[in-house]
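> Spelled out, the chains give:
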Amino acid sequence: MKFINETLDVRTRDRFDVIDVTDSVREFLYRNNVTNGLLIISVPHTTAAVTINEAEAGLMDDILTAVKRLFEPGGPWKHNLIDNNAHAHIAASFIGNSRCLTVINGSPKLGRWQRVLLIEMDGPRTRHLELTFIGE
Amino acid sequence: MKFINETLDVRTRDRFDVIDVTDSVREFLYRNNVTNGLLIISVPHTTAAVTINEAEAGLMDDILTAVKRLFEPGGPWKHNLIDNNAHAHIAASFIGNSRCLTVINGSPKLGRWQRVLLIEMDGPRTRHLELTFIGE
Amino acid sequence: MKFINETLDVRTRDRFDVIDVTDSVREFLYRNNVTNGLLIISVPHTTAAVTINEAEAGLMDDILTAVKRLFEPGGPWKHNLIDNNAHAHIAASFIGNSRCLTVINGSPKLGRWQRVLLIEMDGPRTRHLELTFIGE
Numbered sequence: 316m317k318f319i320n321e322t323l324d325v326r327t328r329d330r331f332d333v334i335d336v337t338d339s340v341r342e343f344l345y346r347n348n349v350t351n352g353l354l355i356i357s358v359p360h361t362t363a364a365v366t367i368n369e370a371e372a373g374l375m376d377d378i379l380t381a382v383k384r385l386f387e388p389g390g391p392w393k394h395n396l397i398d399n400n401a402h403a404h405i406a407a408s409f410i411g412n413s414r415c416l417t418v419i420n421g422s423p424k425l426g427r428w429q430r431v432l433l434i435e436m437d438g439p440r441t442r443h444l445e446l447t448f449i450g451e
Numbered sequence: 316m317k318f319i320n321e322t323l324d325v326r327t328r329d330r331f332d333v334i335d336v337t338d339s340v341r342e343f344l345y346r347n348n349v350t351n352g353l354l355i356i357s358v359p360h361t362t363a364a365v366t367i368n369e370a371e372a373g374l375m376d377d378i379l380t381a382v383k384r385l386f387e388p389g390g391p392w393k394h395n396l397i398d399n400n401a402h403a404h405i406a407a408s409f410i411g412n413s414r415c416l417t418v419i420n421g422s423p424k425l426g427r428w429q430r431v432l433l434i435e436m437d438g439p440r441t442r443h444l445e446l447t448f449i450g451e
Numbered sequence: 316m317k318f319i320n321e322t323l324d325v326r327t328r329d330r331f332d333v334i335d336v337t338d339s340v341r342e343f344l345y346r347n348n349v350t351n352g353l354l355i356i357s358v359p360h361t362t363a364a365v366t367i368n369e370a371e372a373g374l375m376d377d378i379l380t381a382v383k384r385l386f387e388p389g390g391p392w393k394h395n396l397i398d399n400n401a402h403a404h405i406a407a408s409f410i411g412n413s414r415c416l417t418v419i420n421g422s423p424k425l426g427r428w429q430r431v432l433l434i435e436m437d438g439p440r441t442r443h444l445e446l447t448f449i450g451e
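First to last, the sequence lines map onto chains A, B and C. Residue numbers for the first sequence follow the numbering used here, so the first one is 316 and each next one is one higher. Residue numbers for the second sequence follow the numbering used here, so the first one is 316 and each next one is one higher. Residue numbers for the third sequence follow the numbering used here, so the first one is 316 and each next one is one higher.
Hints are not guaranteed to be accurate.
Copies of the same chain are indistinguishable here, so a pair counts whether it falls within one copy or spans any two.
To be verified - Below, computed lysine to aspartate or glutamate pairings styled on EDC-like, alpha-carbon distance capped at 16 Å:
(1) K317 <-> E451
(2) K317 <-> D335
(3) K383 <-> E451
(4) K424 <-> D338
Since the hints were made in silico from the structure, they are not lab data. Quick caveat, the model's predicted, so the values are computed rather than measured.
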């Protein structure tokens with residue numbers, strides 16, 4: 316069994332941002348010479364999230380608009396009494412801090428439009444992206 | 316270590332639909348003669364999602380009603396300038412395109428009311444359901 | 316390959332509740348003497364969810380407030396014609412019944428503020444927490 320864990324730094328550019336990290340995911344798998352298994356893509360953060368969807372510029376904005384509409388930045392959240400980012404924590408709790416991918420012959424099995432997206436909701440910051448492979 | 320990946324076709328019946336795919340999941344595990352491990356159930360799509368919940372007809376409608384209320388099909392999303400399914404992409408980003416199950420003695424460890432559900436939000440289409448097992 | 320699955324009981328205290336189960340997760344890994352691998356933390360329930368975020372008291376209330384705002388307990392959901400907990404099913408479908416963690420040298424690789432949280436939305440009940448490790 317092969318087990319590989321690496322952390323990459325990803326710089327986000329604004330308070331709200333979506334970064335396509337798919338190329339880094341592919342490069343990690345290639346560099347580590349893996350064949351088949353599972354890959355977990357996660358962030359060790361509580362105000363950012365990971366998802367898989369299309370990296371179309373308008374859509375990436377829409378995802379952030381939906382976060383703002385549903386989770387109201389600056390709203391009367393209790394966590395905003397001690398910080399100013401409750402919306403980001405709540406959204407990250409709902410969306411999740413990780414996604415799973417199947418790896419076949421060294422490549423992530425992604426659909427035609429699927430990309431791995433890091434969702435920043437309290438940036439700009441340097442975020443850690445954790446890549447964990449288990450398999451062969 | 317056993318690693319098995321299969322793709323099944325699932326036909327959805329309407330623009331919005333929920334399909335219970337639990338029987339296909341069980342049959343996949345049985346046919347492949349596995350014992351213990353992890354199963355990832357995913358879709359390689361960006362306008363459909365996978366979740367685990369009860370397959371009660373009213374509830375399956377409620378899940379779709381919630382998607383429509385929260386993500387407004389036909390709304391002023393930027394992605395709707397180039398397509399008409401922004402709601403489906405955003406909802407899929409939030410809900411996720413995969414779920415994980417523990418497999419014990421060849422069966423998925425599901426609670427009494429848990430079923431594996433494919434959520435269609437831009438159908439009807441033939442969707443691919445990816446089943447990936449890692450274990451023994 | 317090591318494969319370990321255990322079920323712990325967690326008592327929730329109210330209809331809506333968030334319980335920090337991180338210490339139980341750490342203790343499970345320590346007691347089973349594992350090193351590196353993946354851990355799935357899940358519930359076999361359809362009206363509770365699992366997430367990873369900060370265990371700050373105000374924020375835990377905010378997460379429950381967001382569930383109530385977005386999924387309207389007692390609302391005109393079809394599932395409420397046969398039961399009274401549609402909100403909990405729908406929210407659990409969106410948030411998810413499981414999260415994944417990387418395990419390194421016997422410890423879950425959690426960020427500084429990350430804790431594993433069980434979200435109760437139809438309690439109080441005794442809930443089952445499933446911990447599944449695969450690795451070495």
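> In ascending order, which of the hints set out earlier in this document are inconsistent with the structure?
Going through the list in order, the structure violates hints 2 and 3 and respects the others.
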